[in-house]
Amino acid sequence: MQTKVENNKAWFLVLPVFLIVAFSAIIPLMTVVNYSVQDIFDPSTRYFVGTEWFQQVMLDSRLHDALLRQFIYSFTVLAIEIPLGICVALMMPTKGKGASLALILVAIPLLIPWNVVGTIWQIFGRADIGLFGAFMSYIGVDYNYASNPTDAWLTVVLMDVWHWTPLVALLCYSGLRAIPEVYYQAARIDRASRWAVFRYIQLPKLTNVLIIGVLLRFMDSFMIYTEPFVLTGGGPGSSTTFLSQALVQQAIGQFDLGPAAAFSLVYFLIILLVCWVFYTTIMNMQKDK
Amino acid sequence: MTPSNTQAPVHSTAERKARHAQWRGRFGLVLYIVLLLLPIYWLINMSFKTNTEILSGLSFFPDNFTLENYAKIFGDATWYMGYVNSIFYVSMNMVISLLVALPAAYAFSRYKFIGDKHMFFWLLSNRMAPPAVFLLPFFQLYSSVGLFDTHIAVALAHCLFNVPLAVWILEGFMSGVPREIDETAYIDGYTFPRFFVRIFIPLIRSGIGVTAFFCFMFSWVELLLARTLTSVDAKPIAAIMTRTVSASGMDWGLLAAAGVLTIIPGMLVIYFVRNHVAKGFALGRV
Amino acid sequence: MAWMSWTLPTALFFIGIAAILVSMTVWQILSPCVERRGFLPLATTRGDRLFIGLLSSAFIHLAFVALTNVSIAIATVLCAVWMIILMRWG
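Protein chains in written order, with our numbering: chain A, 1 to 289; chain B, 1 to 286; chain C, 1 to 90.
It should be emphasised that the hints constitute simulated quantities derived from the structure, not laboratory data.
By construction, the Cβ of each residue, glycine as well, lies at the ideal position given by its N, Cα and C atoms.
Only true hints are included.
From the derived model, a few chain C residues whose C-beta atoms are all more than 10 Å from chain A:
# : residue
1 : Ala19
2 : Trp27
3 : Thr45
4 : Ala80
5 : Val81
6 : Arg88
Below are the DSS-like pairs computed for lysine-lysine, each with C-alpha atoms no more than 30 Å apart in a straight line:
#  : chain 1 : residue 1 : chain 2 : residue 2
7  : B       : Lys17     : A       : Lys205
8  : A       : Lys205    : B       : Lys117
9  : A       : Lys4      : B       : Lys117
10 : B       : Lys112    : A       : Lys205
11 : B       : Lys112    : A       : Lys4
12 : A       : Lys97     : B       : Lys17
13 : A       : Lys95     : B       : Lys17
14 : B       : Lys117    : A       : Lys9
15 : A       : Lys9      : B       : Lys112
16 : A       : Lys205    : A       : Lys4
Same shape as in the complex, but just chain A (with noise of 0.2 Å):
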């Protein structure tokens, strides 16, 4: 790395950045707080009532399955798109038109809008007329992910990973195209194996975009709103009601503002402690090479 010139007026190119995202940042994070400490009725009529939005909040059983399920959801989606996302970057094509090919293809997913991701499986899922649903029913297995909660497990977790593999294999994909083709030579020379090729060549090349891809997965998943809301509306019951949606529910659908702040600070305050060790990680490992 390069030493870095010390200079304060480089503050006045980084303003302009702090000024946009400081509006639409600091000020509803303000007013989250605001919210939070009151029981609001209409903007002329609300009391203060402390902390016991928190207390609410943090003793309310519902949201302690939302997280447990957030949680589990988020490390379901990890411990497959990461391994998967590896082995399809591997599989990719170096050179050529194959590889621009392939690379558009596998990218598809990532540029449609999410909730038209959550149609897509929507559509795909059903016995009736789509055919993963068709296919389900075919080998025997009574699938409807609308009433089964294990089977709107699976078709969720499915879908993040037909969505969100991708992201990962493109990372890893980058990743491999910075190794230097004398690596693979003294390994040819060698004699090493395809899989020592791997453990010590291609692996430690990846770590540092496989941070970012688990770092960019974990936080996206654990933000999932859209397309499981398309897709199950968070049913049956609430079995695949994520952090977001139990959150917006509170917020749009029953318009308790004050209880749904405090929600919004907690959460706030978990992704924030998260963002942070996965922050710290990064740079201690930056700065050690």
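Got chain A sorted already, so can you dock chains B and C onto it with the hints?
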């Protein structure tokens, strides 16, 4: 010179093994891509069917090929304006994000200043914050400044996660440009703005392309904020799609056709940046 | 501003945070700090320790609210002590 006889068999076994591995890889990749495209194919297939045919049974090809669903979308302003609205605010967001992120990324990649690391982390934490948290205040904030149901409101709201991402990606690309170039330019008498526009920006062209791609991608696919901040004039296509649910049941064919049309802009964009995507996905950080 | 529903305690809270940020900046200009290693398992600057302190204080407050019925003031005092320890030896 010909290879000696003792060496040849060993080589060919190794080569055959490598070739086998390669074929297995190709097969696996093709299988993966087929599975990946199957749900999309199903959507396209359905968009060319009539509703009666969709509900009457499964088939891999439409029996009565019809363009009726597409005709309905292109013939109705409330439908096709959704696409115009979405493209409008996405482009606006791309321009704003790049304009503010370029100088900031330069500052982060070149200088040390008070609070730089904390600033960078704060920016990133906004990329990670769930939009659901900001939903209500956003609605009220944009209503109070009179921007509700305008394209600029959605573009600004999407800046919340796109600007930090743009800074992050661009900073990676800029750090790869040697500092000597800056110093030489300043010695040659370039002022900062002139150097930045004339020399520096051309150097990181592919980084800018990739950043624009990511901004497009995340703004195009987002619905929650876009839906909350609009009602009529700037309503995105993704929100209009919910209209297909009516009292008489789902209009599956129309829904599928609308879905297919939302995929096309994304495919065009990725086609244009395909040569930079490999590098770009590493966020300039390999 | 009316829609933001300000209350006195939250206003004071944000003024406090802003004051801390400003004074940290002034302190940094007057005597720039170097990264060092304290009892925390990583090298930190003053600003890092402040952030760690604030974030952990938020969680301490939440834990108090959720698990006990004692006044929130006790948690605040506890956090203040924790902040001092962290800034001095962290």
